[in-house]
Amino acid sequence: MIAFLIKRLLTLLLTLIGITLISFSTIHLAPGGPLSPITEFNPKITPEYREKLVKMYGLDKPFYLQYWNWLKGIVKFDFGKSFSLDQRPVWDKIKERLPVTIFINALSLILILVLSIPLGVYSAVRAGGIFDRIVTIITFIGYAMPSFWLAIILMMIFGVKLQWLPISGLHSTIGYEEMDIIQKIIDWTKHLICPIFVAVFGGIAGPLRYIRNSMYEVLKADFIIFARAKGIPEKVIIYKHALRNALLPLITILGLSLPGLIGGSVIFETIFGIPGVGQLMWQAVMARDYPVIMANLFLISFLTLLGNFLADIGYALADPRIRLEATKQ
Amino acid sequence: MKNFLKELVKNKTGIFSLTIILILIFLATFAPYLSPYDPFEINVDEILLSPSSKHPLGTDLLGRDVLSRMIYASRISLEVSLVAVGISLLIGTFLGSLAGYFGGIIDQIISRFIDIMLCFPTIFLILAVIAYLEPSILTIMIVIGATSWMGVARLVRAEILSLKERDFILIAKVYGAGTFRIIFKHLLPNTLPPILVSASLGLGQAILIESALSFLGIGVQPPIPSWGNILIEGKETLEVAWWLSIFPGLAILITVLAFTLLGETLQEILSPKKEK
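Protein sequence lines correspond, in order, to chains A and B.
Note that the first sequence covers residues 1 to 329 in our numbering.
Note that the second sequence covers residues 330 to 605 in our numbering.
No lab work stands behind these hints, which were simulated from the structure alone.
Some hints could be false.
Subject to a maximum C-alpha distance of 20 Å in a straight line, what follows is the list of computed DMTMM-like cross-link-like pairs (lysine to aspartate or glutamate) [said to hold, decoys possible]:
1. A/K190 to A/E178
2. A/K161 to B/E562
3. A/K161 to B/E568
4. B/K493 to B/E568
5. A/K161 to B/E565
6. A/K7 to B/D436
To give a feel for the contact side, a few chain B residues facing chain A, derived at Cβ under 10 Å [to be verified]:
7. I416
8. E494
9. F497
10. S540
If you're wondering where the values come from, they're calculated on a predicted model, not measured in any experiment.
All C-beta atoms in this analysis are idealised placements derived from N, C-alpha and C, irrespective of residue type, glycine included.
Bound-form chain A, shown alone (with noise of 0.2 Å):
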């Protein structure tokens, strides 16, 4: 295990340096140079200004250089200051929207596992059957469904017609500061109905399909038809001996659909008006807040890459011959 530990924390810092130096190189795309959008069309940066600006951000020092800067400045959290007029540094604008988003994307893995097991292993027990069918469908709906729609439609249904619930916002603006814990809890429910249904729709697609696929080939496994002759009852064999086996696999196709749920924050929070990190993320991309937007993409893909391998390690506890194999390699 200390070996196989060992590799994989290796590649997870191979990998993070190249999520460090593409991160990095988007900024030199920009036609015009990184301070384009803030310098042109603007009278009031004169010459003098611009070349200040040129200092304080380092745009004057070579790739290399400028790239081992904004390496040391992550290490302590320095992701340099945003271009906007407030020109807050960015790991404050961060800071204080990370929660948010984690929260809402570790309720919708949650919620995906909670709903996607008993539906998998139901449609997989009675595979063919009207359920399995329906779960089918829904499905492929779930892949090609896209979440922004979804979105609007739930905002039309719950919050024009029907007007049961807010449709913008982490909680109320009015009247929150005087509300008791438990109306506060409420209050954040109700907000946070649409947008996690939304995530969960569109996330549990892949798991769900997976689970079933992969229950029905291991019902038709030796070892199973081995129990049932032996006369261990039907449940039994289901939830006990088929099932284990095929969910193993299961973390780490959460781990892969990890980007996938976190990519939709960009979409969900938009539409819905949360202050996340997807919300930030499109704002700066809007304003073109270069700083933000580096910061904004290297924090992301860090926080996949450290799913993927707390999912890697977790299916490497689960299942010895992971360890075996990838040491042996």
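Dock chain B against the given chain A, drawing on the hints supplied.
What follows is chain B alone, placed relative to chain A:
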């Protein structure tokens, strides 16, 4: 190839998805003749009309006919997704075959690069790149293509890795075939089935991404119609004009569904298990 088409048409899902895609191609090709109105013509007397016999899908905030705009939008979506998938197939096949054929350090570098690219949530990466470029149809095509080749690369790499040890490659080598001839003439044609499947799935995904970007205001720019940017108005007029939200979204859903189902059917037909 003939057999393959026959099987595709025999398959219920296959014929269903193929029909939808053919209708879409027909609409896109003959858009100027099929759309009842000029999709760019602003008409202040006909703002936000609900669907009627005159305007089957209603009109938008500028009084333009939604049906005509949606027919023209199918052009944009198909164009963007075709070029984007073309680019991603090109990059993916190139890197995948290099990694698979040469192995060793080249494979190590390319595989690591794929892993790194896969850590970036696609939407974040695309947003980061688009922020620096002028939004145009060409930009979107290139950016979507350049950020979605990793799956293809992995597929081609794995295929070539298993194919290159087979006897017919050995024979080709013995006969003195060069590296490029082996890759292009003998190896790549054999990777065609999985590439076809992933191209079909990729077309659906590219349409989804294009419409999402257009909806976020950084994709296809108005007045050029795209299903995604019609939905921007749909969101603004949520309370009064349901038709502006419902129809474009439905178009995206059905189109993506068709490409996804076609991909699934292709996989079923082309997978070696079925050949027996």
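Cut-off 10 Å, beta-carbon criterion: hint that B/F497 touches chain A: violated, 29 Å
20 Å limit on alpha-carbon distance, applied to hinted pair A/K161 and B/E562: holds, 18 Å
20 Å Cα cutoff - pair B/K493, B/E568: violated, 60 Å
B/E494 as chain A interface residue, shortest Cβ-Cβ below 10 Å: Hint violated; B/E494 Cβ to chain A Cβ min 18 Å, cut 10 Å.
Restraint satisfaction for B/I416 [CB to CB of chain A, less than 10 Å]: violated, 17 Å
Given hint B/E568 paired with A/K161 - CA-CA distance at most 20 Å: holds, 8 Å
20 Å limit on alpha-carbon distance, applied to hinted pair A/K161 and B/E565: holds, 15 Å
Hint consistency between A/K190 and A/E178 [alpha-carbon to alpha-carbon, up to 20 Å]: Holds, because 17 Å separates the two Cα atoms, which is no more than 20 Å.
Residue hint B/S540, partner chain A, criterion CB-CB below 10 Å: At 6 Å from the nearest chain A Cβ, B/S540 passes the 10 Å test, so the hint holds.
Given hint B/D436 paired with A/K7 - CA-CA distance at most 20 Å: holds, 18 Å
In this structure, the hints that do not hold are numbers 4, 7, 8, 9, in rising order.
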